[in-house]
Each structure stands twice: as structure tokens, then as C-alpha cells.
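Engineer: These protein sequence lines map, in sequence, to chains F and L.
Counted from 1, the first sequence has number 106 at position 106 by this note's numbering; the numbering is strictly sequential.
Counted from 1, the second sequence has number 1023 at position 23 by this note's numbering; the numbering is strictly sequential.
Some hints could be false.
[Unchecked claim] To give an idea of the chain F side of the interface with chain L (calculated C-beta under 10 Å), a few residues:
| id | residue |
| --- | --- |
| 1 | A65 |
| 2 | D72 |
| 3 | S151 |
| 4 | L155 |
[What the hints assert, rightly or not] Quick list of simulated restraints, FRET-style, between CB atoms:
| id | chain 1 | residue 1 | chain 2 | residue 2 | range |
| --- | --- | --- | --- | --- | --- |
| 5 | L | L1108 | F | K177 | 45 to 51 Å |
| 6 | L | L1091 | F | Y109 | 35 to 41 Å |
| 7 | L | N1115 | F | G27 | 53 to 59 Å |
| 8 | L | H1051 | F | G132 | 43 to 49 Å |
No wet-lab data here; the hints were simulated from the structure.
Backbone N, C-alpha and C fix where the C-beta goes; we use that ideal spot for every residue, glycine too.
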Amino acid sequence: MSAHAGTAELAGSIPMVPMTTARSGGGPAPVRIVVAYGFWIFLLSDIILFSALFAAYAVLSGQTAGGPSGHDLFGLRHVGVETLCLLLSSYACGLGVLSIERRHLRGFYLSFALTFVLGATFLGLEITEFAGMTARGAGPSRSAFLSAFFSLVGLHGAHVTAGLLWLSFMVAQTVVKGPRDFVRRRLLCFSLFWHALDIIWVALLTLVYLMGAR
Amino acid sequence: MQGGDEQPSTASDQAPGVGENEAAGSFATYTAGLAFALLLTGASFLVSQTHLLWAPGVSAGLVVLAIAQMGVHLVFFLHIGTGSDNTNNVLALAFGVLIVTLVLSGSLWIMANLNANMISPSATMEMQR
């Protein structure tokens, strides 16, 4: 008789069985996991978008049209400070998410303020670099190499700008609504986004700056 | 799916990114990740600025260091690990890596071939005469 009941139950819930893990113990996955997974898929699609620009840069990096090359333009000390800012900003963001999970609001605000300041410093340094290059006549229209450089590094900068806006919005939302479930889900998504930008910067630093400055 | 969503903390409310009772997502994990990332970044700058490596091998060394650092970021910051609840994330990542590899290596390969087979403008003018 138990075999009977078992088959009847199975027939009703077959699609669900393979999707669950031992830990969640049946039923659909929690919202938080579904949201984080969906956002992870988005991040991967964003990385694929970047890979197209990376490929364009790798093909065009030698086409300077008689203009300045990476060796003449890149200041590695400047780039090192930028890297440090972004890395520490990522770390602060991770600590902020840990704090909000433990309902330490003060730690959360402190960490996210630090994340914002470091991210804004990075952006300021990048804008200074771009302005300096354009002033020296090495703007995006000078050569194919510089067009590829400005679109690749500029797209990363645009992502950081969007991230800073999102960060400010999320802090305001936390002030107004408190550390509720949906707020913490959005904060988790933001932290994934911010860490992914750091991964893209590692590729940028290596391919564009370290290899280009040699 | 939305039921019980607004309660402050439920037992099932755990994501792959941040686990409270697991090693993943703790303060120590982030700090270790930061230390590894700083170490690898420092090594990248060192390798590119000094003659520590055999000169033709510097590019390969930099690529290896960059891939190692991306791995550190994925494991320590994004918590893409080998846990059983992480299989979907890892599979999605593997697909992403496949596409990125195809786009990058395919573009470089095809463009290098085109470049090698290209007739220079001066040569075409010679032919027209």
C-alpha cells in the first residue's frame, strides 16, 4: 500500500524532484537563490559583452596610425592606485553585505560609505587619465588603438558609474525600509555586480595596461 | 513563492553567495581573498616591471597571474565553489567561459589570418600599372 501511495505522490510532483537539493528538503528553491542565480546569468552575459570589446582591443592594439602607443601613454603608478581603490572597494562591499546579513546596520553604512568613496576615487582617477590623454591629442579619434582603448576602458568606467548610482539608491532604500528580505536580496545582487566589475578590471589591467606599457 | 518572504529571517533563506552557518561568506573568507588578490596584483606588477621572468615569457606569466586572480575573486568574493548547491552557478560559469574563449580566440585567429593574407595598398597599385 505504501508503494501505491508513493507512485501517486510521485506522479504529482515529478518535475520538482530533480530540482531540489538535499539541504532545502523539497519544493522550489528559495527566492533568494533564484534571484542570485538569475543575476549571475546576467553578469555572465555582461562579461560576454566585454569579451567582444577585449577581442577588438587585442586585434587593434598595434594599429596606432603613427600616433602614441600604450608605452607612451600609460602611467603604471596611476593604474596601480586605481587597482588598489577598486580592490579595497570590493572588499568593503563584501563586508557590508556580511554586516547587513547580521543586522549590523552601523557596520553596513560604514562599509558602504567606504565602498562609495573608493569607487568614486577610482572613477575620478580614470576621468583624470582620460582628460589628460585627450588633452595630449590622444583622444578616441586619433587611432584604431585609441578608439578600442576608450571604448573598452570607458565601458568599464560606465559600469562603475552605474554601480555607484545603484549603491546610493540601495543605501537610501535601506534607510527607509530597513534590512528587509527584498532589500537584502538587492544588496546581494549589487555586491555580485561590484565583484564582477573587479574581475573585469583584472583582465583590463593585464591586457591593456601591464602588457601595453611594456 | 512570495509567502513568508517579508519575515526578517527564515531558515530556508540562504543564497549561494552568503551563508551564515557556512564557511562561505565569512569575514575570514573575504580577508583571505583580499590578501591573495593583493599578492597576485603585486606579482603582476613585479613581473611586468622587472626582468624576473625570461622576456618572451612575460606575457604568458601575466596571463597566468590574471587567470589565478580571477579564480580568487570567483571563489572568495563571489563564492562560486564546488558545493552541491552551487552546481547551477558553476555550469553557467562554464558556459560563459566557453563563449568568452570562442569570441577571443576566434577573433584573434581570424584577424591574424586576414592580416597575413592582406595585399598592401602599394602592391595593388603596382598591379594596376
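Engineer: Taking each numbered hint in turn, which are not upheld by the structure, reported in ascending numerical order?
Structural biologist: Hints 1, 2, 3, 4 and 8 are the ones this structure does not satisfy, whereas the remaining hints hold.
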